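There are 2 protein chains.
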Amino acid sequence: MAEYIFGVDIGGTSIKFGLFLTDGTVLDRWEVNTRLENNGTEIIPDVAKSIQNKMYEKKLKKEEIAGVGVGVPGPVTENGEVIVAVNLHWGHTKVAKDLEKLLNIPVKAGNDANVAALGEMWKGGGRGTKNLIMVTLGTGVGGGIIVDGKIVAGAHGAGGEIGHASVEPDFPIACNCGNHGCLEQFTSATGIVRIAKEEIAKAENTKTVLIENEISAKSIFDAYKEGDEVSKKIVNQFARYLGKALAIFACVIDPEIFVIGGGVSKAGQPLLRAVEQYYRKFAFKSCKETPLVQAKLGNDAGIYGAAKLALDAAR
Amino acid sequence: MAEYIFGVDIGGTSIKFGLFLTDGTVLDRWEVNTRLENNGTEIIPDVAKSIQNKMYEKKLKKEEIAGVGVGVPGPVTENGEVIVAVNLHWGHTKVAKDLEKLLNIPVKAGNDANVAALGEMWKGGGRGTKNLIMVTLGTGVGGGIIVDGKIVAGAHGAGGEIGHASVEPDFPIACNCGNHGCLEQFTSATGIVRIAKEEIAKAENTKTVLIENEISAKSIFDAYKEGDEVSKKIVNQFARYLGKALAIFACVIDPEIFVIGGGVSKAGQPLLRAVEQYYRKFAFKSCKETPLVQAKLGNDAGIYGAAKLALDAAR
Chain S
0 MAEYIFGVDI GGTSIKFGLF LTDGTVLDRW EVNTRLENNG TEIIPDVAKS IQNKMYEKKL
60 KKEEIAGVGV GVPGPVTENG EVIVAVNLHW GHTKVAKDLE KLLNIPVKAG NDANVAALGE
120 MWKGGGRGTK NLIMVTLGTG VGGGIIVDGK IVAGAHGAGG EIGHASVEPD FPIACNCGNH
180 GCLEQFTSAT GIVRIAKEEI AKAENTKTVL IENEISAKSI FDAYKEGDEV SKKIVNQFAR
240 YLGKALAIFA CVIDPEIFVI GGGVSKAGQP LLRAVEQYYR KFAFKSCKET PLVQAKLGND
300 AGIYGAAKLA LDAAR
Chain C
0 MAEYIFGVDI GGTSIKFGLF LTDGTVLDRW EVNTRLENNG TEIIPDVAKS IQNKMYEKKL
60 KKEEIAGVGV GVPGPVTENG EVIVAVNLHW GHTKVAKDLE KLLNIPVKAG NDANVAALGE
120 MWKGGGRGTK NLIMVTLGTG VGGGIIVDGK IVAGAHGAGG EIGHASVEPD FPIACNCGNH
180 GCLEQFTSAT GIVRIAKEEI AKAENTKTVL IENEISAKSI FDAYKEGDEV SKKIVNQFAR
240 YLGKALAIFA CVIDPEIFVI GGGVSKAGQP LLRAVEQYYR KFAFKSCKET PLVQAKLGND
300 AGIYGAAKLA LDAAR
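The listed protein sequences derive, respectively, from chains S and C.
Take 0 as the starting number for the first sequence in numbering that gives the first Met the number 0 and just add one per residue.
Take 0 as the starting number for the second sequence in numbering that gives the first Met the number 0 and just add one per residue.
Be aware that one or more of the hints could be misleading.
Said to hold, decoys possible - Derived lysine-lysine pairs resembling DSSO-like cross-links, with alpha carbons at most 27 Å apart:
hint : chain 1 : residue 1 : chain 2 : residue 2
1    : S       : K149      : C       : K129
2    : C       : K96       : S       : K129
3    : C       : K201      : C       : K217
4    : S       : K93       : C       : K284
5    : S       : K100      : S       : K15
6    : S       : K231      : S       : K196
7    : S       : K129      : C       : K129
8    : C       : K149      : S       : K284
It is worth saying that the hints were derived from the structure and are not from the lab.
Fair warning: this is a prediction, and the values are worked out from it, not measured in the lab.
When you get a sec, could you build the whole thing from the sequences and use the hints?
Rendered as structure tokens:
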């Protein structure tokens, strides 16, 4: 009987693997370097080899594997084709089909941020729910939407691209995407540092522990926890942008929970409480009490979600 | 074999009925008054009687009916219970269960705006799609979200409550819901008239065909089509608010299509083109070409959607 699943998270630097039981117990985790040479054509064969080696090592037969799930940093269609994945040097690539051919095991593929959201639903901060919005606050801002236990990939693979919701279209600085005033310009690690520099320049007479050339999301939240006045202003701006945006998103799908992950979210409860305060203020009355929780799986969300994707397809 | 379905749309003034074949062909349409007396307790028995009379008239047996779908003006849970429906004088009401008991036929219930979106997907402006956002521009602004062919009801029945997305939280006037700067304050029939009054007051020296005491959404769009300068400013404001909000919503679920309905949408193509221009400007690159179309079923969207709801449950 098929009782094992592989979850694979392909990133621009490394490929993470997990071997799971179908109940979500992780038996093994490992990673290999991502080889970008030859337009990334080595990647899929490398994934296949790594899985086959693990099967040999663990004495697993093909019939015992329910499936392989793969997360990819780019838009992925319903049938597992990637349109483009810049970080992997990929153009149009039939990930699921190609890997399936090499392994002769069913493969499912999804966008990495969406797959991470699925992982957090299965075994992380959103455990026990079937409808959630995950927000990943890192260098950029990513997201994933889960409705009725399934990823909302979207008609153009842009489901959950909440970092590019243009919340301040008159904002003078352009986002990497070309638009102006995207949520990630205010709530990513980079965005917070930009806000911080502005606030420090404005607050010349206010004492602050922040030192202009050493500012990071971490130093700002550390200072905020110590009660630093300038940091309070910075965090309030950040929290207002995010809380307001989440309140708007809630009017679309009314999730059971918001799961906040990514490097910035390591600031933990003080950050969540600041965002929550604005969320509760701006949310539609029926949704005011929707919980905001911290993601739990960290960098493993991808392999968990990929495994769950394969598991759901096998059922 | 079950080949007929009833679609029912319960409103505060009248209850609309449709008798359909399972392929969506409408065989009969009729309506009865909504009796609000006795806290609306007459409504469900009235619906049952009207359906039974029609079955008698058309000589339909219970076994030939695949199901009955019902749209209700209020939040409806997954199992067909209404939390509250002010316009029907209802508190907590087990619509599906109660009607099922009277008819001995399977009943499904949903929120009326969500059900209308399902109707537009099945046989209206969104025909051929499975993922859409419907916006209903009337006295207020309602909406419905369809993902993978199914209504997104939301954890608190607030899925698709896009009229209450707080897009301008600093707006001084409060919305009926208690928040400030909800989308419906700018893009409903009432909202457009308010914007119009402000623009007319500002534009004392600009000639306009608009007459202050006779302003309606219709007169504004009529004047806009004739090239009236003040009306252009009004419609631009309206279109910018709606286009910007749709661009944000698209980052959440990335629909295949937007369907615009309700009284205000009768202004037709010029309105759609004005909104589209702002939508294209603010949307994330992958979603810029998502079509905006007019709803097609008008007041019948509810009975079509209710029938589809029952049909999907029967399959």
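Here is what the structure says about each hint:
no., hint, result
1, S:K149 x C:K129, "holds (15 Å)"
2, C:K96 x S:K129, "holds (24 Å)"
3, C:K201 x C:K217, "holds (21 Å)"
4, S:K93 x C:K284, "holds (23 Å)"
5, S:K100 x S:K15, "holds (21 Å)"
6, S:K231 x S:K196, "holds (13 Å)"
7, S:K129 x C:K129, "holds (20 Å)"
8, C:K149 x S:K284, "holds (24 Å)"
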